[in-house]
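A.B. asks: The whole structure should be built from the sequences, with the hints applied where relevant.
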Amino acid sequence: MSEQAVGIAARLRLQRDEFVLDVDMRLPGSGVCVLFGRSGCGKTSLLRAIAGLERAEGVLEFRGQRWQDRYSFRPPHLRPLGYVFQEASLFAHLDVMGNLTFGYQRVPPAQRRIVLDEAISLLGLDNLLQRNAQTLSGGQRQRVAIARALLTSPQLLLLDEPLASLDGPSKAEILPYLERVRDELALPMIYVTHAPEEVARLADQLILLENGRIQAYGTLNQLLTAPDLPLAHLDDAAAVLPARVLSHDAHYALSELAVPGGSLWIAGCQLAQGSATRVRILARDVSLALQPSPGSSILNSLPAQLVDLSADRDPANLLARLELRAEGQPSQSILARLTRRSADRLALQVGMRVHAQIKAVALMR
Amino acid sequence: MRFRLVATIAALLISSPARAEQLLVAVAANFAEPMREIAAQFERDSGHAVRLAFGATGKLYAQISNGAPYDVLLAADEITAEKLVEQQLALADTRFTYATGRLVLWSAQPARVDSAGKVLAEGDFRRLAIASPAAAPYGAAAMDVLEALGLQHLSERLVRGESITHAYQFVASGNAELGFVARSQVYRDGRWLSGSGWEVPAELHRPLHQQAVQLSRSRDNPAASALLDYLRQPQIRALIASYGYGVSP
Amino acid sequence: MSGEDLGAIWLTLKLATVVTLLLLLFCTPLAWWLARTRSAWKAPVGALVAMPLILPPTVIGFYLLLFMGPQGPLGQLSDWLGIGLLPFTFSGLVIASMVYSLPFVVQPLQTAFEQIGQRPLEVAATLRASPWDSFRHVVLPLARPGFFTASVLGFAHTVGEFGVVLMIGGSIPGQTKVISVQIYDHVEAMQYGSAHLLSAVLLAFSFVVLLLLHRYRKGHLHV
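Protein chains in written order, with the UniProt record's numbering: chain A, 1 to 365; chain B, 1 to 249; chain C, 1 to 223.
If you're looking for bench data, these hints aren't it; they were derived computationally from the structure.
Among these hints, one or two may not hold up.
Just some of the chain C residues that point at chain A, by a computed CB distance under 10 Å [stated by the list, open to error]:
1) LYS42
2) ALA129
3) LEU142
4) ILE172
Even for Gly, the Cβ is constructed at its ideal location relative to N, Cα and C.
C.D. replies: Put into structure tokens, the structure is as follows:
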């Protein structure tokens, strides 16, 4: 990565009683990087250390500015970042408007890149402005908290499990707002979560944390499909692919999406033609065939190369990693879960060309 | 008189160690120190057990009116014993003056007060401590002295303690340069314990008779009358005098 | 009611106001420190602050008398500064009352600060507020009920104080003779009528104050 492309370069160490966080990482200066791991693995501590809310030892640089090293420590209020906490933590003595403008007023006008109306409409807060924080629902509160953080025009947005304390409907309410923030503001984000759903929808990069150390770092697709990482062996192990809407078929109520190596038909969606999105394909929904099979009811089939075949958690099963090739794009992988017996019958070997037959595709939007 | 003689004899008879009585004595705060010594001697001589409770006379009076279980009161004034007798809370014929308080003008600083008390009239001081004239006989006596000397204008410099003990603390801590205190607080065996003082002539103020009385509720406690008699013994009177009190001949 | 009684009431109100204002000023940083520190000094300092709750007022008064006296450290300081000795003066009374009412102001503030916790400060920091800015615009408004309780208790406790004032005041009318001492003098002089009247004033005052406090707390919980 070039110096400009590097967002965060950090070598941080933090000890709290028995727990030690010890990381050395360089993150790109754009996109959403998800910190993923079990509770207690140090995700939140790392995020707090980046914000300066915890005093870790070591060196931390953001876009070439040194935030801390052995001799200096820039306190949180001087780091140009926004932070969304797990609980919205709105100020109880201020109404929604007061909360929104708290950080906004403290940023010199010349440095404001997000204006009040923009944040209010981005997070759908128009009708809430005069409300008292205590009268809002959990989801509304968290939206206010996100807008409040955005209104400091941060150069980096840190989100600490912003959906974890919300119920299902509230989560569903917020996710689209987060996607809008990601898509409409060129703002790098570090997002802590332990929910695979949020990873699939939001992440560009993924960092797996385990016991305070970085277990793996890579793009979302790489890490979801890496056979040596636990993600690929979850019951609902899945790959996420970038996709673009090609066309809508009104007669069959289907939409066609371009994905690396081919196209997929999905149930009709509302997205405009040409718009970018992502799809999720579960390993258990993918079967393999050596020839394209026109006699099947399965709609979607993608040519792929078998690049890995490894044991799965269940001894009856194997996990296949399939690489989809597309001209001029980095290759992407999907996973297929199949029985060992099927693999033997097809005499599958790494390197073979196969056809991935996909039973279901979930649109991540 | 005859009754008292009989009582005394009876008391002496009964006060053998075999019939040791419990005695609870309420003592005016200013007499605390001599009374501790006297009580110890009395216990040794009579075999009775004595417990002492100290307090401001007014408070002791309030306690007694409300049924406090004292046998004998050693008050700091005359009026309290008199009132108790009037209310039949105390036995009239046991009342007597066991000590006479002496007022002194005292300072914690050596040589500050001359032996004639001229320092008062000269006025070279900021604060003059007295006990509250409303609450304490020594305070009223101090006001008598100022009036007798024609020094009422000094009232602007007065600081009033709740009790004579309090007035003494004002002076002893140096916060008031001068104060009218009880001689018993600053004088022992014919000498000032510290600082300097002027013995105010007794005729400049009302007498400070301190009276003792046996309380009605312990009418039948022989140790009570034994203690009152004991206070009249010559060696005890000498002891009281050594603490700076006057004793009537 | 006599002029002296009214003077005592006026003096008492003046004393309580001055003491409360100074205590709020002095106790805010102290309570803040107590609420936030992890220092080993927290426990001893907290105990020291609570001391006036336990010590009899006359004992506190007595030691203050020595402390402010010509041999005492504060007395020597005030003398050296040219202020003179503090006992029997209004200033002395203010200092003594501050000591005596200290826990009644520190503790509600400390509790309020502790209840606010760390989070609002962290939020404020990530919203570009410096520590002082956060304190001013987040902590102070959030701790308002604590400040109200502290002011009321500090004020009321100073009004009702007797033992300490008796000890270092010297009951000088207009300077150190507050209501409680005036009542005491009336009682000692057997002027029960005046004593009752003043006591009734004091009682009514305390009742109204506690009633207000109760109302306010209840109201605040319901918001």
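A.B. asks: Next step is simple, just say for each hint if it's right about the structure.
C.D. replies: Hint-by-hint comparison with the structure:
1. Against a cut-off of 10 Å between C-beta atoms, the interface hint on LYS42/C is violated, since the closest Cβ of chain A lies about 20 Å away.
2. A distance limit of 10 Å between C-beta atoms decides the matter here; for ALA129/C the minimum to chain A is near 6 Å, and the interface restraint holds.
3. Checking LEU142/C against chain A by beta carbon gives a least distance of about 6 Å; that is within 10 Å, so the hint holds.
4. A least Cβ separation of about 45 Å between ILE172/C and chain A goes past the 10 Å threshold, and the interface hint is therefore violated.
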